[in-house]
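Peer 1: Turn these sequences into a full structure, and let the hints guide you.
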Amino acid sequence: MRKAALAAIGALMDTNESVVFVGSDLGAGTLVDVAQRHPGRVLMEGIAEQHLVGFSAGLALEGYVPYVHTIGTFLTRRALEQVMIDVALHNLPVRLVASGGGMVYAPLGPTHQSIDDFALMRVIPNMLVAAPADPAEMTQLINDLATHPGPAYIRVGKGGEPDITSALAPAPIGAVRPIREGTGLAVLTTGMLLHECIQAVDDVAASGLHPTLIHVPFLVPLDTQAIETLARDYEVLLVVEEHVPTGGLTTAVSEIVATGVGRARVVRLSLPPAYASAYGSQRDHLVSHGLTSPGIAAAIQTNHP
Amino acid sequence: MPDPLLLSSASLDERSVALRGLAVDALEGGSRGHIGSTMSLIEILRVLYDDVMTFDPQQPKMAQRDRLILSKGHGCIALYVLLADKGFFPREELFTFCRYTSILGGHPEYGHVPGVEASTGSLGHGLAIGVGMAYAARLSNSPHHVFVVLGDGEIDEGSVWESALAAGHHRLENLTIIVDYNKLQSFGPVADIWDLEPMAAKWSAFGFDCVEVDGHDISQLEVALRLPTRSGRPRAVIAHTIKGRGVSFAEGNPAWHHKASLTPEDVAEIRAAVLDA
Chain A
1 MRKAALAAIG ALMDTNESVV FVGSDLGAGT LVDVAQRHPG RVLMEGIAEQ HLVGFSAGLA
61 LEGYVPYVHT IGTFLTRRAL EQVMIDVALH NLPVRLVASG GGMVYAPLGP THQSIDDFAL
121 MRVIPNMLVA APADPAEMTQ LINDLATHPG PAYIRVGKGG EPDITSALAP APIGAVRPIR
181 EGTGLAVLTT GMLLHECIQA VDDVAASGLH PTLIHVPFLV PLDTQAIETL ARDYEVLLVV
241 EEHVPTGGLT TAVSEIVATG VGRARVVRLS LPPAYASAYG SQRDHLVSHG LTSPGIAAAI
301 QTNHP
Chain B
1 MPDPLLLSSA SLDERSVALR GLAVDALEGG SRGHIGSTMS LIEILRVLYD DVMTFDPQQP
61 KMAQRDRLIL SKGHGCIALY VLLADKGFFP REELFTFCRY TSILGGHPEY GHVPGVEAST
121 GSLGHGLAIG VGMAYAARLS NSPHHVFVVL GDGEIDEGSV WESALAAGHH RLENLTIIVD
181 YNKLQSFGPV ADIWDLEPMA AKWSAFGFDC VEVDGHDISQ LEVALRLPTR SGRPRAVIAH
241 TIKGRGVSFA EGNPAWHHKA SLTPEDVAEI RAAVLDA
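Those protein sequences? They're chains A and B, same order as listed. Heads up: the first sequence at position 270 corresponds to 270 in the numbering used here, and the numbers run straight through without jumps. Heads up: the second sequence at position 165 corresponds to 165 in the numbering used here, and the numbers run straight through without jumps.
Treat each hint with caution, since some may be false.
Stated by the list, open to error - Here are the in silico distance ranges between beta carbons for each label pair: (1) B:N253 / A:N16: 38 to 46 Å; (2) A:T224 / B:R99: 32 to 40 Å; (3) B:D156 / A:G174: 38 to 46 Å; (4) A:G174 / B:Q58: 34 to 42 Å.
Keep in mind that the hints were calculated from the coordinates and are not lab data. Note that the Cβ used here is the ideal one computed from N, Cα and C, for glycine as well.
Peer 2: Next up, the structure:
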């Protein structure tokens with residue numbers, strides 16, 4: 001998905017002169033072809049995320065649309081105040097393209113695991129928060145954000161996801177995307193876990209369960225109307241996310257359901273409220289916390305009314 | 001250490017006294033303010049707005065205006081005074097300082113105050129934004145210049161030095177930083193908290209073309225701020241100043257860094273001291 005994001009940014013720069021790429025000491029060769037086509041508009045800055053974000057705010061104040069790209073935790077944690085003040089307080093069109101969303105960097109340990117990014121970004125006024133599920137959706141998002149007026153945070157998930165979303169009806173910024181239509185229980189998810197949820201929903205059909213599945217690519221702006229309808233139409237909303245329990249999609253959904261709009265009960269399936277104590281792969285951690293299709297299928301079976 | 005002889009003890013001229021009088025209007029309106037941090041800045045901003053920068057108060061967003069970011073946002077009264085004096089907003093607005101419906105907060109905010117280029121307050125943010133603006137000016141071939149005013153205590157912030165590295169690396173000759181080196185921060189002398197010397201050598205080492213001036217001397221400031229920058233280097237102007245300058249009992253006194261709950265009598269004393277400066 002990161003490759004798709006970078007390719008989309010490069011292509012966007014060919015047609016939109018206000019788009020600028022700001023990276024922080026990324027891998028050798030990143031976007032060098034684009035840099036050759038657009039001298040000065042591909043910046044590979046030092047390992048200085050506070051500067052990177054403030055600098056991008058300065059560019060945006062002058063009419064540029066910077067796509068800032070580095071490892072997610074360094075944008076959301078290291079540069080949090082710059083994101084909040086320099087970018088969001090000024091309501092500037094800076095795009096934070098955060099790689100390693102969730103447990104992608106599991107083997108590198110807790111410093112690199114972006115498991116609290118939704119929580120950190122959701123509390124910031126003006127900030128759009130998105131987690132595309134596949135390269136097609138990422139490409140669409142990168143393009144849509146070229147003209148979006150305020151700041152945006154994009155969680156870049158694991159690479160190699162199959163294309164699911166290009167077969168769907170186009171969705172504007174902020175809209176949920178229905179994936180499977182069923183009854184009783186609705187699964188809501190975001191980012192690359194959509195793929196695990198599809199597998200889980202398809203697997204439980206054998207036992208006669210037909211839950212609905214909704215992809216929520218935008219945590220902010222959240223499709224409140226859609227969530228309200230789900231809360232009315234279903235008894236259980238099972239929220240599946242690669243994030244700590246607090247502040248992410250479950251919290252966002254619960255905030256709506258808690259207003260009493262419907263009868264639904266919210267069930268959470270997430271990472272634990274802890275720094276990881278093991279390394280291994282992203283998949284190891286997802287399996288361990290029930291976030292791959294067997295675990296999600298089990299949660300559907302347990303909670304289905 | 002800087003040569004103390006750099007600092008002139010001469011009386012302030014009529015304009016410097018008048019500008020300080022406007023600053024007292026804001027202190028009176030808000031019954032509060034960063035007095036010391038404001039008074040050390042007056043001549044730096046006066047020279048920028050009177051003699052150096054290109055701007056049009058009727059078109060505060062004019063594309064080719066020079067940009068000024070007050071990174072030490074707590075000195076905002078000095079900035080408000082110059083903006084009011086130049087007609088960006090009515091002078092009477094100064095009396096609303098920090099009030100609920102005022103455009104003039106205790107730190108300057110972009111979008112609220114005409115002429116304020118960036119919201120500042122948390123220290124160590126302005127230079128990164130200024131570097132971004134200067135880079136943008138280069139990208140769009142615009143001839144305008146970017147000025148960033150930093151406090152001395154502010155440069156304790158590591159983010160300042162990230163941005164200094166970037167400005168040097170990108171050889172942003174359209175960027176000038178000015179350090180309001182008043183030698184006092186909130187708790188006491190800068191030299192006792194974290195000594196910043198050798199100040200000029202630090203900026204030079206980061207790739208800046210560095211000049212030291214008496215920050216209350218109009219002609220020295222004018223020369224330093226108008227000097228063409230050496231090709232390919234940002235400029236650093238180290239302005240040696242006196243915290244609280246022009247308010248005799250506040251000069252060099254850390255207790256006057258910031259005051260809340262100023263009484264009318266306090267304000268009258270400050271006003272009298274300014275008129276006497």
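Peer 1: Each of the hints needs a verdict: does it hold here or not?
Peer 2: Evaluated hints:
1. B:N253 / A:N16: 38 to 46 Å: 54 Å, violated
2. A:T224 / B:R99: 32 to 40 Å: For T224 (chain A) and R99 (chain B) the Cβ distance comes to about 36 Å; the hint holds.
3. B:D156 / A:G174: 38 to 46 Å: 42 Å, holds
4. A:G174 / B:Q58: 34 to 42 Å: 39 Å, holds
Going down the numbered hints, you'll see the structure goes against just number 1.
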